[in-house]
Amino acid sequence: GAGVSQSPSNKVTEKGKDVELRCDPISGHTALYWYRQSLGQGLEFLIYFQGNSAPDKSGLPSDRFSAERTGGSVSTLTIQRTQQEDSAVYLCASSLQQFQAFGSGTRLTVV
Amino acid sequence: GQSLEQPSEVTAVEGAIVQINCTYQTSGFYGLSWYQQHDGGAPTFLSYNGLDGLEETGRFSSFLSRSDSYGYLLLQELQMKDSASYFCAVRGPLWWGGATNKLIFGTGTLLAVQP
Numbered sequence: 001g002a003g004v005s006q007s008p009s010n011k012v013t014e015k016g017k018d019v020e021l022r023c024d025p026i027s028g029h030t031a032l033y034w035y036r037q038s039l040g041q042g043l044e045f046l047i048y049f050q051g052n053s054a055p056d057k058s059g060l061p062s063d064r065f066s067a068e069r070t071g072g073s074v075s076t077l078t079i080q081r082t083q084q085e086d087s088a089v090y091l092c093a094s095s096l097q098q099f100q101a102f103g104s105g106t107r108l109t110v111v
Numbered sequence: 112g113q114s115l116e117q118p119s120e121v122t123a124v125e126g127a128i129v130q131i132n133c134t135y136q137t138s139g140f141y142g143l144s145w146y147q148q149h150d151g152g153a154p155t156f157l158s159y160n161g162l163d164g165l166e167e168t169g170r171f172s173s174f175l176s177r178s179d180s181y182g183y184l185l186l187q188e189l190q191m192k193d194s195a196s197y198f199c200a201v202r203g204p205l206w207w208g209g210a211t212n213k214l215i216f217g218t219g220t221l222l223a224v225q226p
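Order-wise, the sequence lines are chains A and B. Numbered according to the numbering used here, the first sequence spans residues 1 to 111. Numbered according to the numbering used here, the second sequence spans residues 112 to 226.
No lab work stands behind these hints, which were simulated from the structure alone. Bear in mind that the values here come from a model prediction, so they are computed numbers and not experimental data. Some hints could be false.
Claimed, not checked - Some chain A residues judged to face chain B by a derived CB distance under 10 Å, without partners named:
id, residue
1, 28
2, 35
3, 48
4, 65
5, 88
6, 91
7, 104
8, 107
9, 110
Said to hold, decoys possible - Chain A is nowhere near these chain B residues, computed Cβ spacing over 10 Å in every case:
id, residue
10, 129
11, 130
12, 162
13, 171
14, 191
15, 214
16, 218
17, 219
18, 225
Unchecked claim - To be clear about the criterion: a stretch of chain A counts as covered by chain B if any three or more of its residues have a C-beta under 8 Å from a C-beta of chain B, and this derived list gives those stretches:
id, region
19, 66-73
20, 94-101
Quick reminder that beta carbons are idealized off the backbone N, C-alpha and C, glycines included.
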């Protein structure tokens, strides 16, 4: 596609529910990243996929967070048993080389 | 661990020049990048320094000095549309854990351009 696409753009969920966030990277980009950005804060690295290599999960804050990337393209970030502190904007990015193209993010609100 | 520090806010007037600094406590990284993020929008890539020195892209320039653990973004001829948050980021090597191309972002600088 022309850019990185994320869905949904907004998600409101009740505490304790599971949520799935989707990312469609730019076609041909081999690397895909997930970040979390709380209000007025910087970007917190969550997880990174590069081709067929094992993903770098070093940024996932707890075992409630997981992500997968199917067929080297679309990725899904899953948050189980959501907590209020999970409320943030979740950004996906893809890249070929040193710079990353970001999606517009999913704003998650846990009530 | 790795950390990058930036001023939290900078204010400047239209037409002026502003410099946003980024100091870091890390080693072995491959390069320093800069991203712009308008309120509610996606971060967009501005500039990359793979080597020490100055890189110029139109009104924006970026500088890196590894010996000083320091870089900056220079914005010239400021326009109102430049009001945004600016983030520096370093790209990490294997010994950071995990694969390369992992980006660690700075704390971000909110630039307010006034008429």
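Hints, verified against the model:
1. 28: For residue 28(A), the interface hint is violated, since the closest Cβ of chain B sits about 15 Å away, which is over 10 Å.
2. 35: Where the cut-off is 10 Å and the nearest Cβ of chain B is about 8 Å from residue 35(A), the hint holds.
3. 48: 5 Å, holds
4. 65: Hint violated; residue 65(A) Cβ to chain B Cβ min 15 Å, cut 10 Å.
5. 88: 13 Å, violated
6. 91: At 7 Å from the nearest chain B Cβ, residue 91(A) passes the 10 Å test, so the hint holds.
7. 104: Interface hint status for residue 104(A): holds (5 Å vs cutoff 10 Å).
8. 107: Where the cut-off is 10 Å and the nearest Cβ of chain B is about 9 Å from residue 107(A), the hint holds.
9. 110: Given a least distance of 19 Å, the restraint on residue 110(A) is violated.
10. 129: 19 Å, holds
11. 130: Label holds. Min Cβ-Cβ 19 Å, cutoff 10 Å.
12. 162: Residue 162(B) clear of chain A: closest Cβ-Cβ about 12 Å, beyond 10 Å.
13. 171: The assertion about residue 171(B) holds, with a minimum of 14 Å to chain A.
14. 191: 21 Å, holds
15. 214: Non-interface label fails for residue 214(B): nearest chain A Cβ at 7 Å, not farther than 10 Å.
16. 218: Violated, because the least Cβ-Cβ distance between residue 218(B) and chain A comes to about 5 Å, which does not exceed 10 Å.
17. 219: 5 Å, violated
18. 225: 20 Å, holds
19. 66-73: violated (count 0)
20. 94-101: Check passed, 5 qualifying residues.
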